[in-house]
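Listed below, chain by chain, are the residues.
Number of protein chains: 2
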Amino acid sequence: MSDEHQKLYGQLCDHARRTALVASIAEILGWDERTQLPPAGGDYRAEQSTYLAGEVHRRWTDPRFGELIEKLLQTPLAADPGSGSAVVLRRLKRQRDKRMKLPQTLVEELARTAVLGQQAWEEARKRNDFPRFQPLLEKMIELKRQQAAALGYPERPYDALLDDFEPEERTANVARVLSGLREALVPLVAAIQASPRRPNSEILKRAYPQAAQAAFGRAAAEAIGFDFRRGRLDVTAHPFTAGLGPHDCRITTRYDEHAFNQAFFGTMHESGHGLYEQGLPTEDYGLPLGESISLGIHESQSRWWENFVGRSRAFWQHFFPLAQRQFPEALQDVSADDFYFAVNDVRPSLIRIEADEATYNLHILIRFELELALLEDGLKVADLPGAWNEKYRQTLDVTPPRDADGVLQDVHWSAGLVGYFPTYSLGNLYAAQFFVQARTDLGDLDAQFARGEFRPLLEWLREKIHRCGQRRTASELIQDVTGKPLSHEPLMEHLRTKFTPLYGL
Amino acid sequence: MSDEHQKLYGQLCDHARRTALVASIAEILGWDERTQLPPAGGDYRAEQSTYLAGEVHRRWTDPRFGELIEKLLQTPLAADPGSGSAVVLRRLKRQRDKRMKLPQTLVEELARTAVLGQQAWEEARKRNDFPRFQPLLEKMIELKRQQAAALGYPERPYDALLDDFEPEERTANVARVLSGLREALVPLVAAIQASPRRPNSEILKRAYPQAAQAAFGRAAAEAIGFDFRRGRLDVTAHPFTAGLGPHDCRITTRYDEHAFNQAFFGTMHESGHGLYEQGLPTEDYGLPLGESISLGIHESQSRWWENFVGRSRAFWQHFFPLAQRQFPEALQDVSADDFYFAVNDVRPSLIRIEADEATYNLHILIRFELELALLEDGLKVADLPGAWNEKYRQTLDVTPPRDADGVLQDVHWSAGLVGYFPTYSLGNLYAAQFFVQARTDLGDLDAQFARGEFRPLLEWLREKIHRCGQRRTASELIQDVTGKPLSHEPLMEHLRTKFTPLYGL
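Sequences listed follow chains A and B, in order. Going by this note's numbering, the first sequence opens with residue 1, and the numbers climb by one from there. Going by this note's numbering, the second sequence opens with residue 1, and the numbers climb by one from there.
Just so you know, these hints were derived from the structure itself, not from any lab. Just so we're clear, the structure is a prediction, and the values are computed from it rather than from any experiment. Each residue gets a CB set at the ideal place from its N, CA and C atoms; glycine is no exception. Treat the hints with care, since some could be wrong.
Listed below are several chain B residues computed to face chain A (Cβ distance under 10 Å; list not exhaustive) [stated by the list, open to error]:
(1) His15
(2) Arg18
(3) Val22
(4) Pro39
(5) Gly41
(6) Leu68
(7) Lys71
(8) Gly225
(9) Phe228
(10) Pro246
Label pairs and their computed distance ranges (CB to CB) [said to hold, decoys possible]:
(11) B:Lys7 / A:Asp129: 38 to 44 Å
(12) A:Glu123 / B:Pro81: 42 to 48 Å
(13) A:Thr399 / B:Lys7: 53 to 59 Å
(14) B:Phe228 / A:Ala215: 26 to 32 Å
(15) B:Glu390 / A:Arg455: 33 to 39 Å
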């Protein structure tokens with residue numbers, strides 16, 4: 001390996017890291033927009049974000065950057081496909097080839113419309129006024145069609161968009177996996193519905209003062225390993241996690257003083273995303289080796305801590321006494337068993353992010369089908385609220401009383417995140433399959449949780465997943481870690497094991 | 001005026017506005033750094049800010065931008081010196097000529113050192129550990145010497161730095177004005193010190209719960225006209241105001257539950273800065289016509305609302321009953337007169353931003369002399385704490401018990417703001433002189449304040465000062481608005497009128 005090759009490779013990495021630096025500034029603006037921005041500041045923020053999106057795109061499509069990649073792909077640095085340099089070159093080439101197909105104007109228009117769209121969505125949701133949002137959503141769907149056409153696709157337009165969130169995944173495969181999941185889920189949900197047993201869910205609607213919720217959520221996030229020296233927890237309308245730099249990961253939540261689950265499991269969920277971000281190799285920040293694999297893998301980390309840990313009986317063996325001290329009024333007369341059952345209440349409902357583990361993926365299926373219809377089958381945006389309500393009636397037997405609790409509940413489409421939703425379900429499946437392996441590798445996890453010990457589990461994730469960066473694709477990773485391809489069975493097994501005793505099935 | 005000229009002028013304005021857009025992104029990062037950034041995020045934030053400072057500089061020094069300015073200066077658009085286009089061309093040329101003298105590397109090194117310096121300062125202040133800060137301050141002073149040398153100066157190096165904050169002002173003139181002020185101030189402060197009368201300042205150290213302080217401060221800011229749809233109020237360690245866009249102005253304060261003055265007058269002060277920012281012509285955002293004149297004029301606006309309004313008897317005629325309702329425990333047994341005297345307690349003290357109206361400018365004089373000595377007379381950074389303490393002993397007859405209350409109290413030098421301090425005193429002088437004119441123009445201001453009416457006063461500022469943008473220099477403005485050049489007499493008159501009856505002088 002010559003010094004000349006090393007020098008060129010250094011230049012390549014410098015370029016990529018600097019592009020990531022500009023992208024991280026855009027992340028700061030996005031975080032600020034969703035947690036801080038004064039109402040009148042939206043239009044100018046759109047211009048600021050558009051500028052940065054344009055700069056990022058310009059750097060990706062810089063011809064000298066392309067020449068460096070192509071030249072280095074012919075050198076020994078690309079020879080061993082498992083080497084760090086080969087991974088970097090392969091992933092950068094893949095990403096750049098996609099970027100090269102997108103016109104600069106489309107990239108900037110997408111960025112601008114995403115900021116304005118989110119603002120219109122937020123107003124529309126607040127006022128329960130879908131028509132206010134409709135023109136911007138129409139524009140966004142049209143831009144996404146243009147994006148898919150520009151990128152090209154192996155089988156169908158949705159493939160092109162899905163690839164942004166779950167690289168190398170295909171629509172047909174996602175549809176197959178999710179349809180298998182649906183077939184297994186529907187009878188389980190029906191059996192639970194038919195059970196005469198019901199948790200006392202009123203427990204969770206008692207008074208939980210916001211300050212106490214914030215302190216309790218923060219303590220739980222710290223207990224599972226979130227590093228507040230390298231991160232923050234803030235309030236927002238639609239919770240998310242943002243990576244603003246190698247040592248600056250910000251999670252968010254929202255509080256309702258009469259809904260324990262929302263902020264607590266939301267905080268656990270976003271902490272899971274945050275732990276992944278904080279576990280990526282910081283020395284490779286800005287290179288594929290320091291970046292997350294896919295949104296599906298990212299979601300596996302959030303659902304892991306939210307559900308597989310946070311909704312387990314063992315977790316509450318440790319945390320319930322602390323919760324009782326933090327919320328004496330609400331929980332004084334409640335038993336740990338009743339509380340555990342209450343946080344595992346299965347009930348078809350309207351709001352995805354508040355859904356239980358069993359029905360959650362049915363919400364995703366609805367969105368997946370609707371965005372396929374919008375993108376490929378000519379479903380008109382004007383007809384979306386009706387289609388949404390119809391799907392909810394068919395699938396979950398509930399009907400939103402108003403669009404704010406229906407088609408307006410999610411931020412994603414307003415921000416141009418079409419092709420994103422199925423990664424939530426993939427994440428649940430990944431998480432379940434990884435968790436089986438963790439139990440095999442680490443022994444009695446429940447005993448550890450009951451003692452408040454989460455370090456071994458986090459170390460396992462660090463070693464198996466976080467430190468991997470993008471050395472593997474999602475499907476390679478699941479095969480490597482668990483020895484099997486992705487299946488819906490581990491998730492179904494997890495759900496049956498949990499709910500059979502709770503509901504006496 | 002030809003279409004061709006208009007077209008070129010449009011290109012010029014587009015370029016300038018886009019540069020301002022990039023600079024506004026840097027402001028977002030700066031605000032975030034000082035209110036939000038996790039402790040470990042500092043190093044990467046320095047890189048992000050350095051990148052943006054470099055981009056801003058690159059845009060200013062872009063040769064095509066220079067050609068546009070020079071070409072347009074030869075056209076009718078520059079002919080009438082009072083026209084908007086002539087102002088734009090003149091100010092942009094002046095700013096660009098300065099930028100052209102600064103090497104890109106120096107600009108980036110200054111930006112990086114400013115972020116790292118502020119972090120080192122914050123740690124050093126927290127730990128009362130000047131030596132921890134010393135190396136970064138030494139580096140910064142050296143960079144400021146390089147900056148002054150690169151820029152050149154009419155008489156002395158300090159002129160070059162002063163010009164960044166108070167364009168076209170000279171060190172010698174500032175020294176002359178401040179020395180006149182000192183001569184008049186010292187006997188007044190001595191007379192007050194000799195008076196047997198003293199306010200009951202214990203009133204202000206009672207319990208003022210933070211939430212009530214925040215609500216009261218916000219209500220006052222709203223009452224004087226701060227628009228929260230276009231701004232925010234947040235908490236920070238060292239309060240400041242930041243303009244993040246034409247409709248996004250953020251003020252900050254800090255709370256001590258046993259010090260009423262700190263947050264309240266801090267909020268009034270920053271609101272004054274915010275009102276100026278919010279009053280600039282938004283259609284000209286990013287052009288000199290939409291920018292503030294100087295930091296001295298900016299400070300005149302903050303001191304205006306903090307002192308000339310906020311510390312007036314008439315203001316408290318309206319606000320004291322509201323304060324009593326907001327802080328019943330602390331103020332139940334207090335009379336409006338006693339409260340008014342307490343917020344006007346004159347007492348030589350250690351901390352500049354908590355100083356009273358009479359002694360405040362003595363704090364500034366100390367800093368002005370010290371930074372002159374650092375920059376021009378070879379005072380070593382290592383000797384700065386001793387020099388600081390000696391000046392405080394001589395000037396105010398107090399000695400800081402520790403550096404955290406002495407030389408480490410201000411953020412400025414850590415951020416490279418050398419040449420900034422004298423603008424605080426200039427601001428006090430401008431404010432006093434403007435205020436005399438406002439009383440002449442608007443009649444009985446006290447009666448308006450007592451009714452809680454601040455709109456006419458704000459409208460007066462909007463018309464006379466805010467909407468002017470940079471159409472005038474600071475010295476042109478004071479002459480235009482008041483018919484006289486700047487003098488220390490109006491401020492002294494204001495202080496004598498206020499303190500003679502209070503202290504029975």
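A quick look at each hint next to the structure:
no., hint, result
1, His15, "violated, 13 Å"
2, Arg18, "holds, 7 Å"
3, Val22, "holds, 7 Å"
4, Pro39, "holds, 5 Å"
5, Gly41, "holds, 4 Å"
6, Leu68, "violated, 20 Å"
7, Lys71, "violated, 26 Å"
8, Gly225, "violated, 15 Å"
9, Phe228, "holds, 7 Å"
10, Pro246, "holds, 6 Å"
11, B:Lys7 / A:Asp129: 38 to 44 Å, "holds, 42 Å"
12, A:Glu123 / B:Pro81: 42 to 48 Å, "holds, 45 Å"
13, A:Thr399 / B:Lys7: 53 to 59 Å, "holds, 58 Å"
14, B:Phe228 / A:Ala215: 26 to 32 Å, "holds, 28 Å"
15, B:Glu390 / A:Arg455: 33 to 39 Å, "violated, 54 Å"
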